[in-house]
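**Student:** Counted the way this note's numbering counts, the sequence shown spans residues 488 to 826.
Everything labelled a hint here was simulated from the structure, so no lab data went into it.
There are no misleading hints in this set.
Derived Cβ-Cβ restraints for the label pairs, each shown as a range:
#, residue 1, residue 2, range
1, H588, D698, 25 to 31 angstroms
2, G605, S824, 23 to 29 angstroms
3, P593, T558, 24 to 30 angstroms
4, G605, M631, 24 to 30 angstroms
5, A550, T691, 18 to 24 angstroms
6, D697, K619, 40 to 46 angstroms
7, K628, H591, 40 to 46 angstroms
8, T691, A612, 38 to 44 angstroms
9, A564, Q667, 42 to 48 angstroms
10, T763, G626, 34 to 40 angstroms
Since the model is a prediction, treat every value here as computed from it, not as a measurement.
Yeah, the Cβ is synthetic: ideal placement off N, Cα and C, and Gly gets one too.
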Amino acid sequence: MRSLAPVRAVLRPMPIACPHTTNGGTMHISKILIAGTALAGAGLSQPAVAGKSGSSDMVAIPAGTFLMGSTKAETDAEQTLTHHTGLAVDDDFAPREKPQHEVHVPAFEIATTMVTRGQFARFVAATGYTAKGCYAYLGTKYGMREDADWQSIGFPQSDQHPVTCVNYDDASAYVSWLSQETGTQFRLPTEAEFEYATRAGTTTSRYWGDDITLQCAYANGADITVQQRDSDWITAQCHDDYYGPSPVATFAPNAWGLYDMIGNLYQLVEDCWHDTYEGAPSDGSAWTDGAINGSACELHPIRGGSHSPHPGSMRSASRVMTNDTRSAFVGFRVARSVD
Numbered sequence: 488m489r490s491l492a493p494v495r496a497v498l499r500p501m502p503i504a505c506p507h508t509t510n511g512g513t514m515h516i517s518k519i520l521i522a523g524t525a526l527a528g529a530g531l532s533q534p535a536v537a538g539k540s541g542s543s544d545m546v547a548i549p550a551g552t553f554l555m556g557s558t559k560a561e562t563d564a565e566q567t568l569t570h571h572t573g574l575a576v577d578d579d580f581a582p583r584e585k586p587q588h589e590v591h592v593p594a595f596e597i598a599t600t601m602v603t604r605g606q607f608a609r610f611v612a613a614t615g616y617t618a619k620g621c622y623a624y625l626g627t628k629y630g631m632r633e634d635a636d637w638q639s640i641g642f643p644q645s646d647q648h649p650v651t652c653v654n655y656d657d658a659s660a661y662v663s664w665l666s667q668e669t670g671t672q673f674r675l676p677t678e679a680e681f682e683y684a685t686r687a688g689t690t691t692s693r694y695w696g697d698d699i700t701l702q703c704a705y706a707n708g709a710d711i712t713v714q715q716r717d718s719d720w721i722t723a724q725c726h727d728d729y730y731g732p733s734p735v736a737t738f739a740p741n742a743w744g745l746y747d748m749i750g751n752l753y754q755l756v757e758d759c760w761h762d763t764y765e766g767a768p769s770d771g772s773a774w775t776d777g778a779i780n781g782s783a784c785e786l787h788p789i790r791g792g793s794h795s796p797h798p799g800s801m802r803s804a805s806r807v808m809t810n811d812t813r814s815a816f817v818g819f820r821v822a823r824s825v826d
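Could you build the full structure based on these sequences and the hints that come with them?
**Tutor:** Below you can see the structure in the form of structure tokens.
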């Protein structure tokens, strides 16, 4: 059993990517991160690096209260923005994020990055776990491939890429193994914890603000680069240099030092799916009463958007659902409770 290495509880100033304007009015974001000023934390105490999970740093998130979900003004603005792109907009996304409600989240810890392909490979090597069949990239389009798995997703990947082509059961199996391996109880974050950690004290639509043109500094999303795979699915007029998943920690983190909380891959959470927040818990716990007769949930929320998200998904409040189908758009990160 491996003990968790202690890490000094100090955070350095956040690195911020430096954008510059190019011809045609689009932006290209340099991947050389320079020292900069952290985003505002809205008066909350700053989290500290708490330890490791596998080889991922864990950040201690302070307890706090926030407004979960979105306002009508935010979703109306997003509808206007996405209609302007000429893309179809999912008119159901606004009710999913309402009513906006106050949630008190106890202190917890969350990984700075998603679980990587290399970390998942160690789990598979140790347990013999198999996870076959995935909705993956087929060269010119997406489709279900029975031979696809986390090792073959249709995009180039390394051990530093976030593991994908996994579902809730796969993520739960990894978390159980990691808990046994380390002697510490890990879990998936709750949906409230995920949004709270994503916002990192902000109240804007995205943790970098409301300006979608800054997306390529902070997130791997549907930008101009996706045209490399013959896609017109563009939601931000900038280049992030990735037409599929990117390695973890490629883009600037939020104010609490968390990477890819928006973009790259949607991320699984512990809750069952509910169409709205009517009746949602206010204590930050997982909302699991969608399970039928004690069975597993049929649907789970996924948060954060992906490398090819639906318009409107690249926001702190955005939420969609998934079933047990594995997909090259979905990954996860680990969390743990604190006493």
